[in-house]
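Produce the complete structure using the sequences and hints provided.
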Amino acid sequence: MLDILIHLVLMVLMPPLLFGVINRTKASFAGRTGPPLLQPYFDLFRLFRKGSIFSRTTTWVFRAGPIVTLAATLTAALLIPCGNHSPLLSFNGDMILFVYLLALGRFFTTVAALDTGSSFEGMGAAREVTYSCLAEPVIFIALLVLSRLSGSLSLVGILTHSSTALWMTSGAALVMLVVGLFFVILSENCRIPFDDPNTHLELTMIHEVMVLDHSGPAFGMILYASALKLYILGAFFLHLLLPLRVAGSLQDWLVFVMSMILLAVAIGVVESSMARYRLVRVPQMLLSASVLAAFALMLVVR
Amino acid sequence: MNAASDQLLVLVLLINILILGTHRTTVAIRAMAAQGVILGLLPILLYSIQSHTLIITIFVLLAKGLFIPWLLLGALKKIDFGEDLQPLFGYSGNILAGAVATMLAFFFAAQLPLAPQHRDLLIVPAALATILTGFIALTSRRKAINQVVGYLMLENGIFIFGLLLTESMPLMVEAGALLDLIAGIFVMGIIIKQIGREFSSIDTSRMTALREVE
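Those protein sequence lines, which keep their order, are chains A and B.
With the working numbering, you'll find the first sequence wraps up at 316, consecutive numbering, no jumps.
With the working numbering, you'll find the second sequence wraps up at 1391, consecutive numbering, no jumps.
Think of the hints as simulated: they come from the structure by calculation, not from any bench.
It cannot be assumed that every hint is accurate.
Residues of chain B placed beyond 10 Å of chain A at every Cβ, according to the derived structure [unchecked claim]:
1. GLN1184
2. ILE1194
3. VAL1204
4. GLN1227
5. LYS1255
6. SER1269
7. THR1279
8. PHE1283
9. PRO1293
10. ASP1357
11. SER1382
Distance ranges between label pairs, derived from CB positions [said to hold, decoys possible]:
12. B/LEU1239 / A/GLY136: 34 to 44 Å
13. A/GLY131 / B/ASP1297: 33 to 43 Å
14. B/GLN1288 / A/PHE134: 30 to 40 Å
15. A/PRO49 / B/GLN1371: 27 to 37 Å
16. B/GLN1288 / A/VAL143: 31 to 41 Å
Think of the CB as a built atom: it goes at the ideal place given N, C-alpha and C, for glycine as much as any other residue.
Shown next, in the form of structure tokens:
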């Protein structure tokens, strides 16, 4: 009972903190003090208090976009186990639902962008869809590998199966999955080698350009949903990378929170030390990630 | 015969894909050197440390890890290299071709009637995959120096295959193969320089033109 409560509280409250940590890391690399850690929360409060403006050319699709995206991401968050604790929802085959819930959220973001009729947003939508359909195979192949290793078909089974013993026996496959999934985390959350979350140049934006027309609470929902997506994919990733199991339940939560913050720091370091790829290089990198995942599958099936 | 050598062979496969996908020749050459170092470590991991394997390791480390990369990097500095040209089928196409070739190698190796002690090892599929990806790099790259890198990959694949025979193969054969390789690199280096001087570019696809392109 307490675990379920902590799971829900963390799921609702923690995601914006990750953005705060990433921004602080980037600032300290650049020699600045940077915004306060809780700045994303302040931003969200500010946005939710504001009114919204809707363009006359948009339809209900534009208004539904942020809501559906947030709802789909929240449902996906209910499926993923955090640390060593089982999630609220779990059944055989929920891994496919998980991937498609994220895809549903993305679909509504892009459809809302197309609904505005702006050519820039259409361009952003096209890019987003192109990149995510290259990133999706990586997640699916990773799920295949993990379910083959664990012999289970639900997210809980396949994610909590990884352990230090598994790393000893099939370490090579797991390393390739970890690298491939890290690419996917960066690309799906629009982090730097793939997309720049701070850019304001329409020609190079991917995700940011799609949400230009949203304002007020709708924009707040979009920001929150993207933070939540980082949280979910991060939790997924950490199961593979750090299969740490301590005895007590509270210690496990502590380990989980600490490792999530470390992941945010790692993303911040990557963002500070790398330049953005040219747009033509992005599909190539995502393709390499799929090839890595496919290699892992080959090694495991063999 | 142990898990460590399998992990190293996986690394070799990854370096193959890296070389196919990179657009920087220096990265390709350094990756090649890293692959050479891994190959040098394999004999002592697979077989116990004895004078025979130790000599092979030292030779391979020196030749593949230091000498050949040093030669190639030196050649790269001397010629005016400029930007690498887009390979045939592009970089993404190359990566895909390499991945498909690796999978085919795995399937093919599973069909082969191997000795029972070699069946569970990664050596045969890794060797076939490296030979095939080396062949892809050799044929699809358009500048001669990148083709040399592909040729080296091909040779590395053959070396991996030879690892199965290290116990029974006399040292002289291995030394001969290495010497052959170095002679090949020398010849290619000279040819590259010649192409560079004659055509003022080392893009081999221009060699089919009869007249010089203004």
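Verification of the supplied hints:
no.	hint	result
1	GLN1184	violated, 5 Å
2	ILE1194	violated, 6 Å
3	VAL1204	holds, 13 Å
4	GLN1227	holds, 27 Å
5	LYS1255	holds, 29 Å
6	SER1269	violated, 5 Å
7	THR1279	violated, 7 Å
8	PHE1283	violated, 6 Å
9	PRO1293	holds, 16 Å
10	ASP1357	holds, 31 Å
11	SER1382	holds, 21 Å
12	B/LEU1239 / A/GLY136: 34 to 44 Å	violated, 58 Å
13	A/GLY131 / B/ASP1297: 33 to 43 Å	violated, 60 Å
14	B/GLN1288 / A/PHE134: 30 to 40 Å	violated, 53 Å
15	A/PRO49 / B/GLN1371: 27 to 37 Å	violated, 60 Å
16	B/GLN1288 / A/VAL143: 31 to 41 Å	holds, 40 Å
The structure does not agree with the numbered hints 1, 2, 6, 7, 8, 12, 13, 14 and 15 stated previously, though it agrees with the rest.
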